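Colleague: Sequence:
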Amino acid sequence: MNTATYVLLAASQHIWNVTAAFIGGLVVAGALIWAVRVGMRYMDQEEPRPTSEEQTRLPDGGAVHEMREMREPDEMPDMSKSGSRLMPYELHHAASRTGKDQNRKRWLPGSSGSFGSGGPGHV
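Numbering that gives the first Met the number 0 numbers the first residue of the sequence shown as 0 and each following residue consecutively.
A couple of the hints might just be wrong.
FRET-style restraints, in silico, Cβ to Cβ [claimed, not checked]:
1. Q54 / M78: 15 to 23 Å
2. F21 / T55: 51 to 59 Å
3. Q54 / S95: 45 to 53 Å
4. D77 / P49: 52 to 60 Å
Hints listed in this document are in silico derivations from the structure and should not be mistaken for laboratory results.
Bear in mind that the values here come from a model prediction, so they are computed numbers and not experimental data.
Every residue, glycine too, gets a C-beta built ideally from N, C-alpha and C.
Model the full assembly from the supplied sequences, consistent with the hints where possible.
Modeller: Structure, rendered in structure tokens:
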């Protein structure tokens with residue numbers, strides 16, 4: 000910016016707009032500097048990162064692989080014989096056990112795959 004521009008800005012009615020924008024920029028820059036300093040102080044208070052000797056290692060037998068099995072849920076007790084209903088505090092966490100049939104269920108050809116949306120599915 001040259002001197003003529005400064006003279007024009009000083010003489011115009013928009014001097015307050017320019018001043019407010021400059022002060023607003025200083026406030027934003029100050030807030031960013033403050034946030035960085037607070038973040039650096041917070042990081043200095045954290046525990047040090049683990050060294051390469053402290054990092055976890057693979058087991059001696061190699062990587063552990065997932066095990067796939069078909070599970071079946073516990074049966075709900077039949078309360079119609081006792082005449083009372085099952086109360087919420089009588090329930091336990093949903094447990095499961097290994098199923099007798101370990102074959103994976105597959106879609107049958109010609110069965111619907113639309114999940115009740117009314118579409119024709121696989122025809």
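Colleague: Taking the beta carbons of Q54 and M78, is their distance inside 15 to 23 Å?
Modeller: violated, 53 Å
Colleague: Measuring from beta carbon to beta carbon, are Q54 and S95 in 45 to 53 Å?
Modeller: Taking Cβ atoms as reference, Q54 and S95 lie about 35 Å apart, which means the hint is violated.
Colleague: Could you say whether the range 52 to 60 Å given as a hint is met by the Cβ separation of D77 and P49?
Modeller: Roughly 54 Å apart at Cβ, these two residues keep to the hinted range, so it holds.
Colleague: Determine whether the Cβ-Cβ distance between F21 and T55 falls within the hinted range of 51 to 59 Å.
Modeller: holds, 53 Å
Checked against the numbered hints above, the structure violates hints 1 and 3; every other hint is satisfied.
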